[in-house]
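Each chain is listed here by its residues.
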Amino acid sequence: MKKAGTSYLDYSGDEAMPPVVQDMLKAWKSAHFLFYDHGSETGLVAQGGVDYIIDKSNDELLIGRIVYTLACSWGLDGGWEAKRKGAGAVHCYAAVVGFMTSALPEFQESFNHGFKLLHERMSEGLEPNFKGILALEKEKMTELSDKLMKQGNFMAAAWMNTNRDSLKWYDGNDEPPESKCFWRRLAVRLFGPKLGWSLLKRK
Amino acid sequence: MKQKAAELGRQILNNTIKVIMNLPDGEKMVLGQEILTKKEIIKKFWADEKFAFNMAEQLDKSVKEFLFRTQYKKARRKRKRNNSDGL
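Protein chains in written order, with numbering that gives the first Met the number 0: chain B, 0 to 202; chain H, 0 to 86.
To be clear, the hints were calculated from the coordinates, so they are not data collected in a lab. Some hints here could point you the wrong way.
[Said to hold, decoys possible] Now the in silico label distances, taken between C-beta atoms and shown as ranges: (1) B/Y10 with H/S83: 54 to 64 Å; (2) H/R78 with B/A134: 48 to 58 Å; (3) H/E33 with B/Y7: 22 to 32 Å; (4) B/A134 with H/R80: 22 to 32 Å; (5) H/S83 with B/G131: 31 to 41 Å; (6) B/Y7 with H/R80: 43 to 53 Å; (7) B/E108 with H/D47: 42 to 52 Å; (8) H/R76 with B/G191: 23 to 33 Å.
In this text the structure is predicted, and so the values were computed from the model without any measurement. The beta-carbon is built from N, C-alpha and C at its ideal position, and this holds for glycine as well.
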């Protein structure tokens, strides 16, 4: 990003706490949001693992932003909810993200590939085309998985495929993930996704 | 039919155990907030049924997917070559 002249704010280590990041998001309304840390279905975990930086109580801070995350399981519910509430687009994983230390360079490449593609397109003034980037990301992960398989690193190849299969780019044209709530599932079945999800909107 | 399925399941499980036992000693598996050494992977595999099942399923699926992709490509190349030889 430095090389391309893209300006950014970096909050890592002790700074990655809810009040600091939330103040930054409130102050920089047009900034996009990248998050590389732990996550859960409901939120993006703050430094120390006690609190959430982003969860359903404050995900309106992401309205209009492109959100790129490398965090476990947020795509199952929280990421989808953030998109539904108005985030520009959300890159997330709908399952636990796993990797093997013996294939660290390959996993690093896979985790950053989507962001590199997005950054390249936006630097050139092109439309992001999230679904196109998702397809290229998955293609890259398949390529890396084949490479690991040929090297005999079967466990790393399996994790590469698992990460690939749970990767999502919610851009407004997606099938919603299946809710764990019985009533929501029933409402979606009876009234369709649009009405079903808004009927059971949590306050 | 049931016997065949059980045999297949056993085979998949044995292959998974082989893969785990062949991991290099310094290898670590990072699973969200959990970091497992080879010893811990083996321990978890025997203690946690869900973990073992998921691991076996992931590995089996990945190997099959890889074989399908590479063999399909190979077969397609061969078919192309045969077709061009015929012309």
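Status of the hints after comparison with the structure:
no., hint, verdict
1, B/Y10 with H/S83: 54 to 64 Å, "holds, 59 Å"
2, H/R78 with B/A134: 48 to 58 Å, "violated, 26 Å"
3, H/E33 with B/Y7: 22 to 32 Å, "holds, 30 Å"
4, B/A134 with H/R80: 22 to 32 Å, "holds, 29 Å"
5, H/S83 with B/G131: 31 to 41 Å, "holds, 33 Å"
6, B/Y7 with H/R80: 43 to 53 Å, "holds, 51 Å"
7, B/E108 with H/D47: 42 to 52 Å, "violated, 30 Å"
8, H/R76 with B/G191: 23 to 33 Å, "violated, 46 Å"
Hints 2, 7 and 8 from the list above are not met by this structure, while the remaining hints are.
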